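Visitor: Sequence:
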Amino acid sequence: MNGIISLNTLFPDLDWQDVKIHVAQKSGKTRPIDVFTHSFDEWQNRWNGNFHSNHCWNRPLIFSIIELPMERDRWLFGGIFNVISHKKGKKNGKDGEVYKVGLHSMGSEFIGRLKVGWTKDARSKGRKPESILADMVVAEVMPEPYVGEDFPGYAYINHDYQTLENLWSDAKQDWLSALIHCQGVYLISDIKTGMRYVGSASGEEGIWSRWATYFKTGGHANNKLLKNLLNKRGNGVDYARANFQFSLLEQASSRDSEQYIIQREVFWKNALLSRGEFGLNDN
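Following full-length UniProt numbering, the numbering of the sequence shown begins with 1 at its first residue and continues without gaps.
Don't read these hints as lab results, they were simulated from the structure.
Please read these numbers as outputs of a predicted model, since none were measured by experiment.
Accuracy of the hints is not assured; some may be wrong.
With a Cα cut of at most 20 Å, we get these calculated SDA-like pairs of lysine to any residue [said to hold, decoys possible]:
id : residue 1 : residue 2
1  : LYS100    : SER85
2  : LYS115    : LEU133
3  : LYS125    : SER53
4  : LYS125    : VAL98
5  : LYS29     : ASP238
6  : LYS90     : CYS56
7  : LYS125    : VAL19
8  : LYS26     : SER124
9  : LYS120    : GLU67
10 : LYS125    : ASP150
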């Protein structure tokens, strides 16, 4: 015995001939794992149902797995869905199929808890089990459903706006506990333009509260150049969600004064050229 548990073991009553496996991966700037944790209704009806460019769900059932971007070769089980109906449709001038789906009761106890081990071998989202099921194994069954990425440690914060916004909106406890009293210097990068903004949190304000001001104001936290950028782009928070990335440059000690943290903020502004033509700081 090698201790490997096949995926089929957890679904003994599932006829895989009736199944297409939905391999859900990042689409544009949107990660399906963020959609799943934030709104199961959107996950079910927009990612599994709704418009698809081809007749990918041409079997009665959809077995959905979601890419876990921070865990290599790991996929989260997102449910089994009945294909209730489909019809021809069009989106943005492109022909395709519009599906209506419903959640199947089979395997519902594993939704958000089962991690599947599998190395993807193609980009296709609708796969036949005959071609990949034998390579899929049970990597882990978690005691509680997945509710978002675990806090990775201060040195490893380098996350996009939408991921952090979802973690903030859900008040994920490990992130909140780690950052609510954390002071230091942070960087916001616009990955589309390469522009940078350096900011800090000090005194009574922790990183968690400081970053919350960006989410509450649609991405700019009342910073002049950030606000100008988002207004210029015309789609405000959508641009921030698609292009802003946050990282913690330097974590301050609880013994560090507010003046010292501001000095470190100035150092990083100079080091990263975040004032002038390369940056989004105006002071």
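Visitor: Against each hint, give a clear statement of whether it holds in the structure.
Guide: Here's how the hints hold up against the structure:
no.: 1; hint: LYS100 x SER85; verdict: holds, 5 Å
no.: 2; hint: LYS115 x LEU133; verdict: holds, 14 Å
no.: 3; hint: LYS125 x SER53; verdict: holds, 11 Å
no.: 4; hint: LYS125 x VAL98; verdict: holds, 16 Å
no.: 5; hint: LYS29 x ASP238; verdict: holds, 10 Å
no.: 6; hint: LYS90 x CYS56; verdict: holds, 15 Å
no.: 7; hint: LYS125 x VAL19; verdict: holds, 13 Å
no.: 8; hint: LYS26 x SER124; verdict: holds, 12 Å
no.: 9; hint: LYS120 x GLU67; verdict: holds, 10 Å
no.: 10; hint: LYS125 x ASP150; verdict: violated, 26 Å
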